[in-house]
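There are 2 protein chains.
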Amino acid sequence: MTQPTALQTPVFRTASGRVYNFSAGPAALPESVLLEVKEELPIYRNLGTSVLEISHRSPEYAAIDASAKTLLRKLLGLGEEWHVLFLQGGASLQFHQVPLNFLPKDGSADYLITGSWAKKAYKEAKFLGNARVAASSEDRNFSYIPDPSTWEVDPRAAYLHFTSNNTIYGTQFQTEPEVEVPLVCDASSDFLSRRITPERYGLIYAGAQKNVGPAGVTVVLIREDFLQRRNQPLPTMLDYGTHVGKIFNTPPVFAVYLVEKVLRWLEGLGGLPAMEAINNRKAQLLYERIDRSDFYRGTAEPGSRSKMNVTFRLPSEELEQRFVEEAKQAGLIGLKGHRSVGGLRASIYNACPIEAVEALISFMDYFEQRYG
Amino acid sequence: MTQPTALQTPVFRTASGRVYNFSAGPAALPESVLLEVKEELPIYRNLGTSVLEISHRSPEYAAIDASAKTLLRKLLGLGEEWHVLFLQGGASLQFHQVPLNFLPKDGSADYLITGSWAKKAYKEAKFLGNARVAASSEDRNFSYIPDPSTWEVDPRAAYLHFTSNNTIYGTQFQTEPEVEVPLVCDASSDFLSRRITPERYGLIYAGAQKNVGPAGVTVVLIREDFLQRRNQPLPTMLDYGTHVGKIFNTPPVFAVYLVEKVLRWLEGLGGLPAMEAINNRKAQLLYERIDRSDFYRGTAEPGSRSKMNVTFRLPSEELEQRFVEEAKQAGLIGLKGHRSVGGLRASIYNACPIEAVEALISFMDYFEQRYG
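Chains as they are written, first to last, in the numbering used here: chain A, 41 to 412; chain B, 41 to 412.
Hint data in this document are derived by calculation from the structure and do not stem from the laboratory.
There may be inaccurate statements among the hints.
Copies of the same chain look alike in the list, so a pair counts if it works inside one copy or between any two.
What the hints assert, rightly or not - DMTMM-like mimics (lysine to aspartate or glutamate), calculated; alpha carbons at most 20 Å apart, straight line:
#: 1; residue 1: K166; residue 2: D279
#: 2; residue 1: K368; residue 2: E100
#: 3; residue 1: K368; residue 2: D279
#: 4; residue 1: K159; residue 2: D279
#: 5; residue 1: K78; residue 2: D279
Let the hints inform the model, and build the full structure from the sequences given.
Right, here's the structure in full:
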């Protein structure tokens, strides 16, 4: 890693010549995982063919699927009462599938509206039945997580849906909601980044492409007693029960194969306690740098800051654009903020190494020195 | 390729040491495509990162998506009135999505029941509304395609759904149905294997994992005037209109990237006319070998035989099991028939080279000589 000197644009690369990737998703994957995949092409182990070309009913794929599910259970501390499913369609399809299964015809479900994705989830529920807003932070452009004391959760609600981390706005629930009804969580952008309390949840879903693997597979965790409450009958593919305990139809084989490798990497790192400590450190370093001067300005309220997506602004849009361009030249990519917030966004998911954050901080120092 | 001599088990391998893969799906991919993927890990071209880790809004992914769609249009001769979508959930989700969009509340749709998958599609349509069976070959275990003269197609039906190739039973429509209503086709297992007449269709869908790429992406072709007839309103993700002309949510990036490479490979081969000639030749060779003696017996009626999945039986189940095991030792994998038919099945999709079929025929000669 080259150290920047004043007024000279620094350049950063990993040992293998890769750039540092801060993309919000699909996002960086552990390099060791990618090298394993490369090694296993075009022949997987002793199979004589690649993993992309084998039946999903083969013993080899069954072993991959089982290993991934076992690792997930172990990492999250899930008991026998939990089912692990690998589905398709991303969080966007879950927005429909969750209320289709769990919003009772004669009941209701509550939603915490903390960002664009939460709003989309709510919209799909409302399309099907009686969905209520328990709290919203839209009044200040989703820059904070509403305080639990302000939530109006109906104790008769079938579930309370929340988005644990808001990728676009850079906010995150600092603690897990504690309410009387089961939680349903869209954990797409902070899944496996920290420990959770499974007992509070009925269902957790996460598109893999941020913290768990490539785009193309959705991890769904569902508790047996919650599953049993679902509406019946349902279209076969959209009934969670269809996918419990078996592989119903052709799964996204390659994506699950990659997820299994990422989970093994995470376990090798020390599991969620170790990952959480690393993620805390990365976020701390980056927010400290942002807060050190007035040149950089965080967009999320300090008490709601995300440890996954760090959003910040510069004194002008012109400087922001320059920052993105120069950073890319320096080997730091994916830093442009979402169009609905503007500014910059550094996504520092699990697979983003601490060296990447250090490189970004060096670049921020250089950039402020030059343009501040 | 080693030529077998009598009573000595032959061994077959490709130049790069790969076995010949007859898996019904996920199925063999062109080796050159897999080597390109290997080459592009962990760095894609001049990106500094792999294609698995880039935003689906990046110019690089947009170029892949656009190229794949352009190639599909070109290969199939689709005009401007056609939309090309890359969705998720496989054919199984299409079984629900098609009638959700196109089965009118006050109308009906017709289904040709030529196998297990056709039956599943019909079941999902029936769940939603008035679906009718226009013809069925279940009376003789789906061993044939019913003659068009026996079909009872309602001219008021919103569409006629058919499964162009029946993977499990080894049957295939020899010609495209010609009816008064728009066709909806599950082309999962013979997509891009031969030319089609787009004008007859309203919608064509295909899980990629047989002829077009890896598991994890579903190609959907939909004609604008047919699209306009869909029911409204619909859940966002299941409304085909949501995905027309834009990338609505995170697509299965890697699967589309691979599909694009397979399509380029297919174009380089000479497109559908060339592919069709090769597929005809492969099927002809294999069926000729089956018909040469009584030792092998095709399960599909000759006039309905599939050029993609060649199903056959041996004199006893014991011999069938031995065939599968010895063939695997010989480097010919994936030959076990589906449990609902038994026997053997050789899937000889686009990416199965003629050498693979020649190797299989050599092995069949050897096996009959030894055990016949």
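The hints, checked one at a time:
For a Cα distance limit of 20 Å, the shortest separation of K166 from D279 qualifies both inside one copy, at 19 Å, and across copies, at 16 Å. In this assembly of identical chains, the alpha carbons of K368 and E100 lie at most 20 Å apart only when taken from different copies (15 Å versus 40 Å within one copy). Taking the shortest alpha-carbon separations for K368 and D279, neither the intra-copy value of 44 Å nor the inter-copy value of 37 Å comes in at or below 20 Å. For the homomeric pair K159 and D279, the shortest alpha-carbon distance between copies (18 Å) is at most 20 Å, but the shortest distance inside one copy (23 Å) is not.
Taking the shortest Cα distances, K78 and D279 never come within 20 Å of each other, neither inside one copy (36 Å) nor across copies (37 Å).
Hint violations for this structure: numbers 3 and 5, all remaining hints satisfied.
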